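With the hints as constraints, model all of the structure from the sequences given.
As they're listed, the protein sequences go chains U and E.
As numbered in the working numbering, residues 1 to 255 make up the first sequence, in order.
As numbered in the working numbering, residues 1 to 248 make up the second sequence, in order.
Hint data in this document are derived by calculation from the structure and do not stem from the laboratory.
Among the hints, erroneous ones may be present.
Said to hold, decoys possible - Pulled a few chain E residues facing chain U out of the computed Cβ check, cut under 7 Å:
#1 89
#2 93
#3 97
#4 104
#5 105
#6 137
#7 232
As the list claims (entries may be wrong) - So the derived label-pair ranges between C-beta atoms look like this:
#8 E:67 x U:34: 26 to 36 Å
#9 U:251 x E:67: 55 to 65 Å
#10 U:7 x E:17: 19 to 29 Å
#11 U:1 x E:59: 52 to 62 Å
#12 U:7 x E:40: 36 to 46 Å
All figures in this text were calculated on a predicted structure; none of them were measured in a lab.
Using N, Cα and C, we set each Cβ at its ideal position, and we do this for glycine too.
These are the residues of each chain, in order.
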Amino acid sequence: MNPLRAVGAGVLTLLHAAGSVTWFAIRALAAAVRPPWFGGQLLGQLFRIGFLSLPVVGLTALFTGAALALNIYTGGARFNAESFVPNIVALGIVRELGPVIAALMLAGRVSSGIAAEIGAMRATEQIDALHTLSTDPMRYLIAPRIVAGVIVLPILVFIADVIGVFGGFLVSTNTLDFDATVYVRNTVDILERWDVISGLIKAAVFGFLLTLMGCYHGYNAQGGAQGVGRAATNAVVSAAVLIFAANFLLTSLFV
Amino acid sequence: MTQTAKIAWKDVTIRFGRQTVLDGLRLEAAEGRSLVIIGGSGEGKSVMLKTALGLIAPDKGRVEIDGRAVRPGQEDDPGVAQIGMLFQSGALFDSLPVWKNVSFRLLHRDHMQADEARERALEALDQVDLDHDVADKRPSQLSGGMLKRAALARAIAARPKILFFDEPTTGLDPVTADVINKLISRQVKQLGATAVSITHDMVSMRAIADDVAMIKDGGILWSGPLNGVETCENSEVCRFVRGESEIA
Numbered sequence: 001m002n003p004l005r006a007v008g009a010g011v012l013t014l015l016h017a018a019g020s021v022t023w024f025a026i027r028a029l030a031a032a033v034r035p036p037w038f039g040g041q042l043l044g045q046l047f048r049i050g051f052l053s054l055p056v057v058g059l060t061a062l063f064t065g066a067a068l069a070l071n072i073y074t075g076g077a078r079f080n081a082e083s084f085v086p087n088i089v090a091l092g093i094v095r096e097l098g099p100v101i102a103a104l105m106l107a108g109r110v111s112s113g114i115a116a117e118i119g120a121m122r123a124t125e126q127i128d129a130l131h132t133l134s135t136d137p138m139r140y141l142i143a144p145r146i147v148a149g150v151i152v153l154p155i156l157v158f159i160a161d162v163i164g165v166f167g168g169f170l171v172s173t174n175t176l177d178f179d180a181t182v183y184v185r186n187t188v189d190i191l192e193r194w195d196v197i198s199g200l201i202k203a204a205v206f207g208f209l210l211t212l213m214g215c216y217h218g219y220n221a222q223g224g225a226q227g228v229g230r231a232a233t234n235a236v237v238s239a240a241v242l243i244f245a246a247n248f249l250l251t252s253l254f255v
Numbered sequence: 001m002t003q004t005a006k007i008a009w010k011d012v013t014i015r016f017g018r019q020t021v022l023d024g025l026r027l028e029a030a031e032g033r034s035l036v037i038i039g040g041s042g043e044g045k046s047v048m049l050k051t052a053l054g055l056i057a058p059d060k061g062r063v064e065i066d067g068r069a070v071r072p073g074q075e076d077d078p079g080v081a082q083i084g085m086l087f088q089s090g091a092l093f094d095s096l097p098v099w100k101n102v103s104f105r106l107l108h109r110d111h112m113q114a115d116e117a118r119e120r121a122l123e124a125l126d127q128v129d130l131d132h133d134v135a136d137k138r139p140s141q142l143s144g145g146m147l148k149r150a151a152l153a154r155a156i157a158a159r160p161k162i163l164f165f166d167e168p169t170t171g172l173d174p175v176t177a178d179v180i181n182k183l184i185s186r187q188v189k190q191l192g193a194t195a196v197s198i199t200h201d202m203v204s205m206r207a208i209a210d211d212v213a214m215i216k217d218g219g220i221l222w223s224g225p226l227n228g229v230e231t232c233e234n235s236e237v238c239r240f241v242r243g244e245s246e247i248a
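Structure representation (structure tokens):
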């Protein structure tokens, strides 16, 4: 095959996918802002995406904060900067690791779950059934999930921030001989309001992306059980890649 | 078929990539009659129904309900709003109990109060001979026959003027299939609805059809009243109905 043709086909496929995702996102957002709204669906998704994700997000944040403290202490010791552990843990968690780790965990838990659920509904004609019952699947299925993701992620990330910093505090005060009062004071002193807000803005964007990917791949699933599995995998992979890309872009804007 | 057309497929062409599934298809479903569409696998019977439901947009031509073109993808299309549909797989929502499935349109489109909607759902379950204790079960707890009946209850609950049945007896044992056929006939008559069914089951066709159309090569090969099938007006239709292949 002509290599140029292969490159061209690849570019066209990529552009088609980007256009398709963008059009899907526009339709979803249009459905989210115009009535009728399905409040029951939204509440259910807030519970499933938010409350049920608390354990996994909390545990991940706790261990990440603890490991971060140990690494910063080890690295800082090379140029007598061990005392910066609370500052760097706080900044690292709040600005970067809290949003990214929480979003990646939810990409695994939520994006795949949404893609599998909606993909199975596609395979069993339940989405067609919604149409025949005069209900737009964009309003009933897609918009509540995306809105829930945008609302819930900042809340989860805020909780992850607190738990992550607490993980660093636990390790630092118990094994690295930091004074608890000094640690807390240094943490509070270093953090500015914008550090927290920028992390929460990132979280909202990640929440949009990871639910969008779950919905998009599930909604367009084809080919029965195999297609549903493929949709779940694609949702996780594309959500993770988009989260990293968006994180870089937003960090570039926020520094 | 000289009565007023409730549904009309007018020169409908559908292509999936290079494959032409429907090629200028023309057919009318007369008001208040039961039309059964027969044809081999992959001939586009389901696609035909989906064009009338607004799920697939024709590449050429249009589908009209009451003389108005169906607008694909529009949740408030007045033609599509008249349709109750029984899917081949039932397509009940796994996440909802049976009564909420049955009253889905009443709850979400007609904004009926939950108590009243539940009453209507129980009425619909009565009409398909299902016990009320099914109402609070999940679709996954039902047998194949019960699932089909519950799906039929959902199709009729909003008292539609048009009923679509996609392979209503597929996967059912002959006795359950007979029950479903009788329920369909009864409901179509009680509602005075226009019915369009697609089926491979010739017993089902004889039980529910007033008119029959056979689809082949993207168009209608033959259409006419049921007795035209029985008297073998078209030899190809006759062979299909008798299940005779062309291989010697």
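Hints, one by one, checked against the model:
Below 7 Å, beta-carbon pairs count as interface contacts, and residue 89 of chain E has one with chain U at about 5 Å; its hint therefore holds. Because the closest C-beta pair between residue 93 of chain E and chain U is about 6 Å apart, less than 7 Å, the hint holds. Hint status for residue 97 of chain E relative to chain U: violated, with the closest Cβ pair at about 13 Å, above 7 Å. At a threshold of 7 Å, the smallest CB-CB gap from residue 104 of chain E to chain U is about 5 Å, leaving the interface hint in force.
Interface hint status for residue 105 of chain E: upheld, as the beta-carbon distance to the closest one in chain U is roughly 5 Å, under 7 Å. Interface restraint check: residue 137 of chain E against chain U, minimum CB-CB distance 17 Å, threshold 7 Å, status violated. Given the 7 Å rule on beta carbons, the hint for residue 232 of chain E is violated: about 35 Å separates it from the nearest Cβ of chain U. Between residue 67 of chain E and residue 34 of chain U the Cβ separation comes to about 29 Å, which falls inside the hinted range of 26 to 36 Å.
For residue 251 of chain U and residue 67 of chain E, the Cβ-Cβ distance of about 59 Å falls inside the hinted range of 55 to 65 Å, so the restraint holds. Checked against the hint of 19 to 29 Å, the C-beta distance between residue 7 of chain U and residue 17 of chain E comes to roughly 23 Å, which is consistent with it. Taking 52 to 62 Å as the suggested C-beta distance range, the pair residue 1 of chain U and residue 59 of chain E does not conform, at roughly 30 Å. Under the hint 36 to 46 Å, the C-beta atoms of residue 7 of chain U and residue 40 of chain E, about 42 Å apart, fit the expected range.
In the structure shown, a violation is registered for the earlier hints numbered 3, 6, 7 and 11, in ascending order.
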